[in-house]
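These protein sequences, in sequence, are chains R and C. Per the numbering used here, the first sequence runs over residues 59 to 337. Per the numbering used here, the second sequence runs over residues 345 to 629.
Simulated from the structure, these hints should not be mistaken for laboratory data. Every residue gets a Cβ at the ideal spot worked out from N, C-alpha and C, and that includes glycine. Please note that a few of the clues may not be correct.
[What the hints assert, rightly or not] Examples of chain R residues lying across from chain C (beta carbon under 7 Å, computed):
{"no.": "1", "residue": "135"}
{"no.": "2", "residue": "146"}
{"no.": "3", "residue": "147"}
{"no.": "4", "residue": "148"}
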Amino acid sequence: MSGSPDRAVVLNDVTFAYDGRPAVQHLSGAFLRGSLTAIVGPNGSGKTTLLKGMVGLLRPADGLIQSARLGGGGIAYLPQQIEIERRFPISVIQTVLLGHWRRIGWAGAATRELRAQAQRALVAVGLEGFERRPIETLSAGQFQRVLFARLIAQDAELILLDEPLAAVDWRTSEDLLRLIVSWHQERRTVVVVLHDLDQVRAYFPETLLLAREPVAWGPTRQVLMPQNLKQARHMSEAWSGEGEHSRPAARLWHAASAPRLDPLPATSLTLPRSQGRDG
Amino acid sequence: MTLYDLALGPFAEFRFMRRALVGCFALALGCGPVGTFLVIRRMSLMGDALSHAVLPGAALGFILGGVSLPAMSFGGAVAGLGVALLSGLVTRLTPLREDASFAAFYLISLALGVLLISTHASNIDLLHLLFGSILAIDDVALVLIGAVASMSLLSLAVIWRPLVLECFDPGFLRAVDGRGGLVHTVFLALVVLNLVAGFQALGTLMAVGLMMLPAAAARFWVRDLLALSATSSALALVSGFLGLLLSYHLDFPSGPSIILVAGVAYCASVLFGPRDSLRAIYSAG
Chain R
59 MSGSPDRAVV LNDVTFAYDG RPAVQHLSGA FLRGSLTAIV GPNGSGKTTL LKGMVGLLRP
119 ADGLIQSARL GGGGIAYLPQ QIEIERRFPI SVIQTVLLGH WRRIGWAGAA TRELRAQAQR
179 ALVAVGLEGF ERRPIETLSA GQFQRVLFAR LIAQDAELIL LDEPLAAVDW RTSEDLLRLI
239 VSWHQERRTV VVVLHDLDQV RAYFPETLLL AREPVAWGPT RQVLMPQNLK QARHMSEAWS
299 GEGEHSRPAA RLWHAASAPR LDPLPATSLT LPRSQGRDG
Chain C
345 MTLYDLALGP FAEFRFMRRA LVGCFALALG CGPVGTFLVI RRMSLMGDAL SHAVLPGAAL
405 GFILGGVSLP AMSFGGAVAG LGVALLSGLV TRLTPLREDA SFAAFYLISL ALGVLLISTH
465 ASNIDLLHLL FGSILAIDDV ALVLIGAVAS MSLLSLAVIW RPLVLECFDP GFLRAVDGRG
525 GLVHTVFLAL VVLNLVAGFQ ALGTLMAVGL MMLPAAAARF WVRDLLALSA TSSALALVSG
585 FLGLLLSYHL DFPSGPSIIL VAGVAYCASV LFGPRDSLRA IYSAG
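Only chain R is shown next, with the shape it has when bound in the complex (with noise of 0.2 Å):
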């Protein structure tokens, strides 16, 4: 579909929005294959509204997505937590099977080997034994990790995650991040919506900053400079003043993002942001 091999995902001009009201505007662009990209901007900025795009849950106003021809795997989507029930009865190997959907559809059997696949993926994930448990027992980092084992199943090309590390406690947030560039080096083209931008200048190569607008695409180091944090602030504070944005984080945001100046900080990371949320 797309014109160029190397190219996952190519935006052209994309508008989405809601009761007439832009969520996005115009952003063009490409989501290089094996590309790994964190979609960065403050609260309201139309970074779930563009992975939902991307996945097709979404039809743009105005523009054009094309994804290229993805194998077997399609897009594996990672929805935020607050969609998922986490009181439905099932048990964890239940949930990592159904990464397998496109094999085994509506009545497939899970057979011996899709079974081993899921059980190597909760070994990776670090849940080695919990394939009984039934998820409302589980903390939500445990429950997290879950969700990046059917991802594994899934042997997705293009990888879309929504802010994949919010509510999760720092030890689960590193042991994914690991996971998230893993899947990098095994030349898959992966998106993460992200909050941390500390976590975003230790692990990914290329970053968009959004504020409805673009604001800036590329490599992070040159995306996240000063000048363009401020200007998704300012851009920002354009449409807080609607009202229904002007959420306490947004401000925490802005307060995180604006001030710093260091580029690219060492690999051990502290994160006090979610520590101790999760027991």
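Starting from the known structure of chain R, arrange chain C on it as the hints suggest.
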């Protein structure tokens, strides 16, 4: 009076009691799993709404076809599916939430049904439609109930996996399967069909009782989805059996008797069930 006279005699002696029992058993098979999914999807009140929505169709069938079960059932099914589809449409096309759009259409439907009955039929007919009469179930009704139960179990076997995924993680289902939206529609159709099967026996007001009460009670006994469905069916089955006996011996109307037995089972489960019941919570704490 021996135990035989108390528990088995009425069924051995009277054909209408045997029919009623078989009807209850068939209803229980379909209602168990359907009710379980309604509870898990937090759609309990939507089942209630749909049960009321069936009324105008059943009334219209009654007015046009007399006391003809096929006519009333067909009318009821059309009205129920109509409300389900219209509500779904409004939910999809406008920001109004599903519960509110359901409430709007079922209220319209209910008012229309009551209006139809009161202008075209006697009060006795209204009572019959609202409360049913399981003791008057004939062969046609049994075949209908049996067909609905069979179809429900077969359909559930086909849509089980996507239905589970739709309850658990709808975003994932939409992302991996383009036909995922179909599952919700099929499920609502199953709810309507089971309500229609139940309304001859229990009436439109109480048909949903055999769906909801056992499913809500089962939640206090088991956790696994299959076990929940099986337990709901078993509880519905026992409620039907005991309710019919109660109705026979004490000369109570059968519908309310069955639902009240299910209600007692529910209350007992909330109080004493092994999982998450009040007893379990307070004896542990």
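A quick look at each hint next to the structure:
no.	hint	in the structure
1	135	holds (4 Å)
2	146	holds (4 Å)
3	147	holds (5 Å)
4	148	holds (6 Å)
Consistency with the previously given hints is maintained throughout, with no hint failing.
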